[in-house]
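**Q** Protein sequences, first through last, are from chains A and B. Residue 478 in my numbering sits at position 478 of the first sequence, and the numbers go up by one each step. Residue 161 in my numbering sits at position 161 of the second sequence, and the numbers go up by one each step.
Hints were generated in silico from the structure; no laboratory data involved. Among these hints, one or two may not hold up.
Stated by the list, open to error - Sample of chain A residues lacking proximity to chain B, with all beta carbon distances greater than 12 Å (derived): (1) Phe162; (2) Phe163; (3) Phe219; (4) Leu381.
Claimed, not checked - With the Cβ distance kept under 10 Å, some of the chain A side facing chain B (calculated, not the full set): (5) Thr147; (6) Ala157; (7) Phe170; (8) Thr230; (9) Met231; (10) Glu249; (11) Ile308; (12) Val423; (13) Ala424; (14) Gly461.
Backbone N, C-alpha and C define an ideal beta-carbon position, used for all residues, glycine too.
The primary structure of each chain is shown beneath.
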Amino acid sequence: MSEGGVPGVPGGPKVGVDQWVAEAEERREARTGLTGAVARAWERVPPPGRLALLLGPFAIFPFVTNEGNLFRYGLITIVYALLAIGLNVVVGFAGLLDLGYVAFFGFGAYLYGIMASGHSGHHLEAEIAIPIVVVSTSLLGLLLGLTSRRLLGDYLAIVTLFFLQAFVIFVNNANGGLSDFSYPFVGRVDLTGGSNGLDQIDPLNFFGYHLTTTRQYYFYTLISLAVVMTMLYFVNASRTGRAWRALREDPLAAEAMSIPVNRLKLLAFMFGAGTAGFTGTIFGAVQSGAFPGDYDVGLLITIYAIVILGGLGSIGGVVVGALLINGAPELLRSSSNARFLFYGVILLALLIAMRPWYRTVVVLLGTVAFGFVLHLIVGALWSRGTAGHIDGGGALGRALEHWVLLPTHPGRIAGWAYFGLIVAALVLTLVHGWWRTIALIPTLYLASFVWENKLVEQVSGATRLILLGALLVVIMNVRPSGIFGTARVEIA
Amino acid sequence: MDWSLFFGELVSGLTLGSIYALIALGYTMVYGILKLLNFAHGDVYMVGAFLGFFVLQWLGGPLTPAVTGWLAIAIMFGAAMLGCGALGVGIERFAYRPLRNAPRIAPLISALGVSIFLQNSALLLWGPEFRDYGTFDLIGVKSYSIGANFFISNIQIFAIATSIGLMIVLTLLVSRTQTGKAMRATSFDREAAEMMGISVDRVISSTFFVGSALAAAGGVMFGIVFGQIFSLMGFTAGLKGFTAAVVGGIGSIPGAMLGGFLIGLTEAFATGYLPGGSTYANLYVFALLIAMFLIRPSGLLGSPVIQKV
Numbered sequence: 001m002s003e004g005g006v007p008g009v010p011g012g013p014k015v016g017v018d019q020w021v022a023e024a025e026e027r028r029e030a031r032t033g034l035t036g037a038v039a040r041a042w043e044r045v046p047p048p049g050r051l052a053l054l055l056g057p058f059a060i061f062p063f064v065t066n067e068g069n070l071f072r073y074g075l076i077t078i079v080y081a082l083l084a085i086g087l088n089v090v091v092g093f094a095g096l097l098d099l100g101y102v103a104f105f106g107f108g109a110y111l112y113g114i115m116a117s118g119h120s121g122h123h124l125e126a127e128i129a130i131p132i133v134v135v136s137t138s139l140l141g142l143l144l145g146l147t148s149r150r151l152l153g154d155y156l157a158i159v160t161l162f163f164l165q166a167f168v169i170f171v172n173n174a175n176g177g178l179s180d181f182s183y184p185f186v187g188r189v190d191l192t193g194g195s196n197g198l199d200q201i202d203p204l205n206f207f208g209y210h211l212t213t214t215r216q217y218y219f220y221t222l223i224s225l226a227v228v229m230t231m232l233y234f235v236n237a238s239r240t241g242r243a244w245r246a247l248r249e250d251p252l253a254a255e256a257m258s259i260p261v262n263r264l265k266l267l268a269f270m271f272g273a274g275t276a277g278f279t280g281t282i283f284g285a286v287q288s289g290a291f292p293g294d295y296d297v298g299l300l301i302t303i304y305a306i307v308i309l310g311g312l313g314s315i316g317g318v319v320v321g322a323l324l325i326n327g328a329p330e331l332l333r334s335s336s337n338a339r340f341l342f343y344g345v346i347l348l349a350l351l352i353a354m355r356p357w358y359r360t361v362v363v364l365l366g367t368v369a370f371g372f373v374l375h376l377i378v379g380a381l382w383s384r385g386t387a388g389h390i391d392g393g394g395a396l397g398r399a400l401e402h403w404v405l406l407p408t409h410p411g412r413i414a415g416w417a418y419f420g421l422i423v424a425a426l427v428l429t430l431v432h433g434w435w436r437t438i439a440l441i442p443t444l445y446l447a448s449f450v451w452e453n454k455l456v457e458q459v460s461g462a463t464r465l466i467l468l469g470a471l472l473v474v475i476m477n478v479r480p481s482g483i484f485g486t487a488r489v490e491i492a
Numbered sequence: 001m002d003w004s005l006f007f008g009e010l011v012s013g014l015t016l017g018s019i020y021a022l023i024a025l026g027y028t029m030v031y032g033i034l035k036l037l038n039f040a041h042g043d044v045y046m047v048g049a050f051l052g053f054f055v056l057q058w059l060g061g062p063l064t065p066a067v068t069g070w071l072a073i074a075i076m077f078g079a080a081m082l083g084c085g086a087l088g089v090g091i092e093r094f095a096y097r098p099l100r101n102a103p104r105i106a107p108l109i110s111a112l113g114v115s116i117f118l119q120n121s122a123l124l125l126w127g128p129e130f131r132d133y134g135t136f137d138l139i140g141v142k143s144y145s146i147g148a149n150f151f152i153s154n155i156q157i158f159a160i161a162t163s164i165g166l167m168i169v170l171t172l173l174v175s176r177t178q179t180g181k182a183m184r185a186t187s188f189d190r191e192a193a194e195m196m197g198i199s200v201d202r203v204i205s206s207t208f209f210v211g212s213a214l215a216a217a218g219g220v221m222f223g224i225v226f227g228q229i230f231s232l233m234g235f236t237a238g239l240k241g242f243t244a245a246v247v248g249g250i251g252s253i254p255g256a257m258l259g260g261f262l263i264g265l266t267e268a269f270a271t272g273y274l275p276g277g278s279t280y281a282n283l284y285v286f287a288l289l290i291a292m293f294l295i296r297p298s299g300l301l302g303s304p305v306i307q308k309v
C-alpha cells in the first residue's frame, strides 16, 4: 500500500482529498451531441486559455468600431459582466438571494462622486478614492448581512430589496432641501443632488494620469474584469470556494460538516458588495454623473437575468450572458432590428427545440398559411382590421403587412390579444404531442399580432422587461442551473 | 400636545394598516405552506386595484353608476377578488409548481420574474399614468367627529371595518372548515398531510386563491380610500406587506394583521412626527424591519423555527 493512499483504492486519492470530493466532478450530468462535444473541448482548454478565448474578442472590439458603439455595446457589456460576476459570488456560489445588489453599485458611484466631483467640491485622486469606496461598500454589505445573519435566505432577500428601495428614496431626496434630514452637527447638506443626480463627477485619475476617452475606460474595465475573473477562479478552486458551494447545496449539511456557515455567507456578501461598489466608481466616472434612475429594479433584473442565463456559479458563462442580455436590447432599440430579432429568435427556437423535423415544417407552413387565410377573411369582412401599416420595416415589413392583421386603432384589441397570448402560451405547456404542434400555430400567429400591434411600441422599455421577466421564469422552469451552469445529478 | 394631529395620524395609520394587513395575509399564508416568498404578491394587489377600476368604468363610471354606490363597490370587490384569485392560482400552477422540488433559490427567482412580468405588462397595457377612482363622486364622503379633535370619515370606517370583517372570515375559514384544516395540516407537515389523503396541490391552489383575493381586496380598498392607482404601485405595497408579515411573525395569521396595523401606524406617525418624515416614511418602516430582525427575528407572534433534518 502506498503512503498516504486510501486503503483498497489503487492509485486512489491522497490524504486530504476525500474520495467523494475527488469524484464529485464526474457526477455531473453529461451532455450529449454537439453541445456535449463543445463543452468537453472547452473543459480541456487550460484556464488561461479560456480567459483569453472569452476576453480576446473584447480586446479586439475597440479597433473595429466607433466610440458610440464601443460605449453602448462594449463598455456597458463589460460593466454588466463585472456586476454579474460579483452577484454570481453571492447568488451562484453562496446561494444567497441579494436583491439590493444594485444599491451597492449605486452607492459606489455616489460615494466616488461625493469624494471627487465638481458637485461636491472635493477632488480626491482615484487611487485613494477607489479603495475607500470598495472598503466602505463591503462594510455596508457586512452591516446589512449581519441583520439577517441568523435568518433564512428569504429574509435576506426582503431586507436587501427593501434596502434598495430605501437607497433609491434616499438618493432621490438627499439634496439638502426642506424635506430632507437635518443631520446632527452639519445641518442640511446636499449629498446626492436629489432627483437631478450628482453631476460633474471627475474622470478617474490615477497618480495624475487621467482616463478621458471611452477607449481608455474600456481597457481599464476590461483589465479589471480579467483580474476579478482570475481572482475568482482561484477562490473557486480553494477551500473557501468549495465551502461556498457546499453552503449553496445544503446549508444545514454544510454546518454539520463544521463549515462556518455564517462567516462564509458574510464573506460572499461582502465580496459581492465590494465588486459592485468598484464597478460603481467606473460607471460614475464614465457617465461623469450618478443619477437615481440608473440604480433601480430594472437594472437589478437585467443583472439577475445575466447571472441566470450565464449559469449560477459559472464564471465564464456570465460574460456570455452579459453579451446576450446587453446586446439583444441594444439591437431592440430600433423597431426594424427588433423585428428581425423577434422572428429570428422564434425561428431559431423552433428549429432547435422541435423534434422531429417534420413537426417544425408543419408549424412553420401552418402558421404562414393561417396568417394569409385569416388576413384574407378579415380583409373581406372588416377592412379597417388590415388597414394599418408597418413603419420602415423594409422587405420583411412589407411582407408582414399582407400577413399579420394590423387594425388602424389596435388599442383595446391588442390588449385582449396580449392577454390571450399569455393564456395560449400557458396552455401550450399543458398539452403534448400533436396537440401542442397544432396549438402552436395560432399561438405563434397571436404572438406576431401582439408584437406588431403592441409590443413593438415600447421595445426598449416595458417590452424588454416583460421579456426578461418571462425569461427568468422559463429558465427556472426548464433548466434551474442556467444555460452554462452545471446541472448536478441529485444523489438521494 | 397637538391632539388633532395625533388622532389624524392614528386614523390614517389604521386605514393604511388595514390595507397592509390584507396584503400581509397573502404573504403569510403562502409562506406558511410553501416556505416561498411570493414576490409577485404585490403585483397581484396592483392588478386587483386595476380590475376594480375597470369594473367601475364598466358599470358606468363614478359619476353615473348603473347601480347605487355601495352596491357598485361590492361588485368591484367581488370581481377583483375572483379575478385575482384566479390569477394567483395561475401563477402558482405555472411558475411555482414545477419548481416545488428544485433548490430553494429557483422559485424565488421565478417569483421575481413573475413580478417583473406583471408589473411591465400593466405598464404596457395601462400606461404609467395615474387612474382616478373618483370615490368622492361615487359615494358621498361624510366626516364624523368625536369631541373636538377626533375626526373619521365614512370611507375610513368602511376600510377598517371591511378589512377586519375579511380577517374574521379568513380566521373562520382556517379554523372551522375542512379546507382550513387541510391548510393547517399541509403547513404543519406537507408530506404527512399527503399521506393522510389530503390533496396537497389543491390545498396550495386554494391558499393562493384566498391570499390573492385578499390582496385584490386591499388593492380596491386602496383605490377607494386614496383615489388614485398606478401600474407601479404594487412594488412598495408588496414590500410593506411582507414587512408586516415578518414583523407580525411569518406564518401566523393574527401576526400578519397585527403587523399590518403596526406598519401602517409607523408610517403615519413617522410622516407626522419624525424629521424628514413625509419624504422618508418608508425609511422608517425599513428601520422597523431591521430592528425587528435584530431583536426578535421570529416576529411578534411567530414561534422560532426549528429546522427538521
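**Q** Classify the hint on A:Thr230 as holds or violated, based on whether any CB of chain B lies nearer than 10 Å to its CB.
**A** violated (26 Å)
**Q** Against chain B, is A:Phe170 within 10 Å by beta-carbon distance?
**A** holds (7 Å)
**Q** If you take the shortest Cβ to Cβ gap from A:Ile308 to chain B, is it below 10 Å?
**A** holds (6 Å)
**Q** Does A:Phe219 sit more than 12 Å from chain B, CB to CB?
**A** Correct as stated: the minimum Cβ-Cβ distance to chain B is 33 Å, above 12 Å.
**Q** Holds or violated: A:Glu249 as interface residue toward chain B, Cβ cutoff 10 Å?
**A** holds (8 Å)
**Q** Taking the closest Cβ pair, is A:Gly461 under 10 Å from chain B?
**A** Since chain B brings a Cβ to about 7 Å from A:Gly461, closer than 10 Å, the hint holds.
**Q** Restraint: A:Thr147 near chain B, CB-CB cut 10 Å. Satisfied or not?
**A** OK, holds: A:Thr147 within 10 Å of chain B, min 5 Å.
**Q** Tell me if the interface restraint on A:Met231 is satisfied: Cβ within less than 10 Å of some Cβ in chain B.
**A** Because about 24 Å separates A:Met231 from the closest Cβ in chain B, which is outside the 10 Å limit, the hint is violated.
**Q** Tell me if A:Val423 is really an interface residue toward chain B, meaning its C-beta lies closer than 10 Å to one of theirs.
**A** It holds, given that the least Cβ distance between A:Val423 and chain B is near 9 Å, below 10 Å.
**Q** Can A:Ala424 be said to touch chain B, with a Cβ gap under 10 Å?
**A** Constraint on A:Ala424 not satisfied, violated at 13 Å.
**Q** Looking at A:Phe163 again, its CB stays over 12 Å from all of chain B?
**A** Non-interface label fails for A:Phe163: nearest chain B Cβ at 7 Å, not farther than 12 Å.
**Q** Over 12 Å from every CB of chain B: does A:Leu381 meet that, or does the non-interface label fail?
**A** holds (26 Å)
Of the hints listed earlier, those the structure fails to meet are numbers 1, 2, 8, 9, 13, in rising order.
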